[in-house]
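Build the full structure now, drawing on both the sequences and the hints.
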Amino acid sequence: MFSYLKRKLGLLSLANKMNNDSDSEPEGPVHSELSNKLKNNIAIISDIVGVSEDFVIREFKFGLHKQIDAALLFFDGLVKSEEINHGIIRPLMYESHLLTTVSPSCFEDIRALKETLLAIGEVTEANTIEELMEALFSGNAILLLDGNATVLMIDVRGWASRGVEESKTEQSVRGPHESFTENIRFNTALLRRRIQDPDLLIEYLVLGKKSRTAVCIAYLKTVAHPELVEELKRRLNRIDIDAVLESGYIEQLIEDDPFSPFATVGNSERPDRIAARVLEGRVAILVDTTPYVLTVPMLFLEGFQAPEDYYSRPYYSSIVRLLRFVAFFITLLSPALYVALTTYHVELIPTSLFITMVAAEEGTPFPAVLEAIGMGLVFEILREGGARLPTIIGPALSIVGALIIGDLAVSAGLVSAPMIIVVALTAVSSFLVIGHTDAITLMRLILVLLAGVLGAFGIAIGLLGMLIHLTSLRSFGVPYLTPWAPSVKTDLKDSMIRAPLWKMILRPRLITEFDSQREAFRLKPHPPENP
Amino acid sequence: MDSLSGVSVFEGVKVLLRRWLQYLLILFLPLLCGCWNLVDVNDTAICTAVGVDLTPENNILFSLQLAKPAPLPITGANETQMLAVTIEGQTAGAAARRMNLLLPRIPLYEHANSLVIGEKLARKDLAYVIDLAIRNRHVQRNMLVFVSSGSRAADILHTPMPLYPNSGFGLNNTINLQKDRLLKYQPVNVAQLVRELSTPGIEPVLPLVESSTLNGKDTLKLNGGAVFKGRKVVGTLNPYEMMGYQWIRNPRLQGGLLTITVPGSTDKVSLELLHMQQKSSLHRTSSGDLQVNIQLTADFDFFEQKGAEDVLNRPRVQDLQQAANEEIKRQITACISKAQGMGSDITGWGALIYTTEPELWAELKEDWEQLYPGIEYSLQIETRILSSSLTTKSFPFH
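The listed protein sequences derive, respectively, from chains A and B.
Numbered according to numbering that gives the first Met the number 0, the first sequence spans residues 0 to 530.
Numbered according to numbering that gives the first Met the number 0, the second sequence spans residues 0 to 397.
No wet-lab data here; the hints were simulated from the structure.
Values in this document were obtained by computation on a predicted structure and should not be read as measured data.
Beta carbons are placed, not taken as given, at the ideal position from N, Cα and C, and that holds for glycine.
Label pairs and their in silico Cβ distance ranges: (1) Ser-211(B) with Leu-424(A): 40 to 46 Å; (2) Leu-413(A) with Ser-197(B): 50 to 56 Å; (3) Leu-37(B) with Leu-424(A): 21 to 27 Å; (4) Phe-258(A) with Gly-11(B): 19 to 25 Å.
Written as structure tokens, this is what we have:
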């Protein structure tokens, strides 16, 4: 049943271009015009849709003398039944009697219905099967009238969806707790509520031949670089894929360097975060059916930023920001450094520490490199297990992870205790730089291997390679390492530290070119001069 | 790739292959060089002290003190966790390598921080060991050097020290702690020793370490200094003379205790050194002879009084300062006369002449050994007692 449905739909949508707006003219070689016979139209449509259980054809008569045949088509579950009942059927069947001033035959023209009776916000006309089918699948009700080759597409969309809830992945102590949902309408509304300015453009397009996923790009007209928007649209329009099930699909199809371990497209499920990025001149890509919104361009720095940095006062924010950089290097380097120090550069370890470490390492069967890789692997397994685990089994995993692997491995003499500490430190630090976790995991492994082969020299080579790669990266034309390389002095205010809000006058230089002043000068609060 | 346009597909493939080959070569580079200096911690033994001595056959007796790490959980850090091993070899390096005939692990010399030179070797020739100490990159330059007194270096390394897991680190810690608290011995590390050995006009003095007993158990004790002349020991300084040596060898000092007798009494008073500044300069007497002028300013804190007399008033403090002055003078004089008696320029006056009047040194250096005992010197010492540890009176007995 569904395969047939999809095949039909696929054939139809193949003819359409990706940038099809729901209310714009479909472009395609074949336009199957509707006839003015109700029976014929219903036959064509039910032929295309097939025997679908959720497809409803409601036929009824209305008019002063019940002389007009009409049919209402919709998919059960995609529409709100109250609106169907109270906004369409009820006015047509009962309230049309109340309009005594008009001639009895006036309802025979479908345009008159739209103008007088239908109590629904968004009603549009359609003349072709393609238009009609697309509206039908996206949750519109279709009103057909005998004797009319034009149909009405009535927007009564309303399907079951999760409400706005607290973000699970990006929590904060201070700041809004709501997060985006799977419903793109809610998401655009959440964004719109934060930027109530006509400058905020939300452009709509449809991606995915089969999924027909609604995608919105949101940006500030006067702030976002026009070439950036143009380039993004070009990359989006390139996408020719059967389905877009999550924004990750789009991310992977538009990113600058697909082979880099570092992400060049940012994502977040926090509306405040996305709003802040849009206000800095970035472009947000909202995708229906996922709460994760993409932003471009993405900088390396963004992995170290958190919304709370801007809500708390600058001292604490700066300390936390610095801490994240420290954590980045800890999580990236600590296993590699441990391996290098214990196998090549023992003279660099303070003697008493070294003796303790040797005492702990005494009798462990594996060399430090294998221990580091093995324990790193165990941690990744635990983390992956924890991420996919049903919450009910969570405690069991903690026990296995903490007790068996942590404690017993040491007391059984399989792994040395310092190695467990290093791995634990690595793991905890990695949660401070969530934005770069995937890249760090990969780089850490490479660095451990290099450290095992070449010691500190290997680490230096690895880091140098990483640095060269990072400097060569670009995200939508913006160098990945700004504001450090290339160095943009004014943007350093929001990098390693976070300057006071009244000092952050300009928007990031390399992202936006126009309207770069975001606040007035001399905003620093002070007591009144002459009370 | 510009080169790809306008060439045949075959050429393009070749270019592509070459590019990938480069990457592959770089990728395999780390594997080629292998794991050269890789030393697995499990195969190593941490060396805490190195001892070098001489056998009657003129071979090197090489000793190592190894840390024996306590297995986890550590039962007590104060327990002795050391093991000393000794082996003979024709050279120090050869003996060190021969260590692996009886040791199933690789000794890690990087953490050794005491080098004990046996008395026998020190009296024979320091050149037997110093080359290894500076040439071998595993030997740390900040390793402190001692000379054993009355026993072989191996015996010193076999002797534990109380409250410390091994005597190698114990010795190092002891000499560093006493410097700031007692001001008796000057720690000398390999780098300093090498510098003093290679500079004409200055001779090293190394602290002497001897076996002693504490609560019926063997332990180590610092006792005096070994005076070198050239490459061999020619005599010793006793602890009293060592203190005089401290005053003239350091341009600055902080910490340390000076005990003096209260003038006109048998009471003793200890003064703690706050800071000292010393400068030696070269002068000529009216008769044209060379004279070394030592200027020394020392500021003290009144530390302790053995007695009940109220000495903390202006005239008595003057007396105390005078007594301290005399005491320092006595210590320095004792040290210098001993050195001049041995003909070993531990005061560094030859180097002083070399830095201030190089032409004169060029004339004198040949005969410096004979000239040194006759060099005149003068002492200008200024001692001040600055404070009395917030207690301005002596204890009011009644």
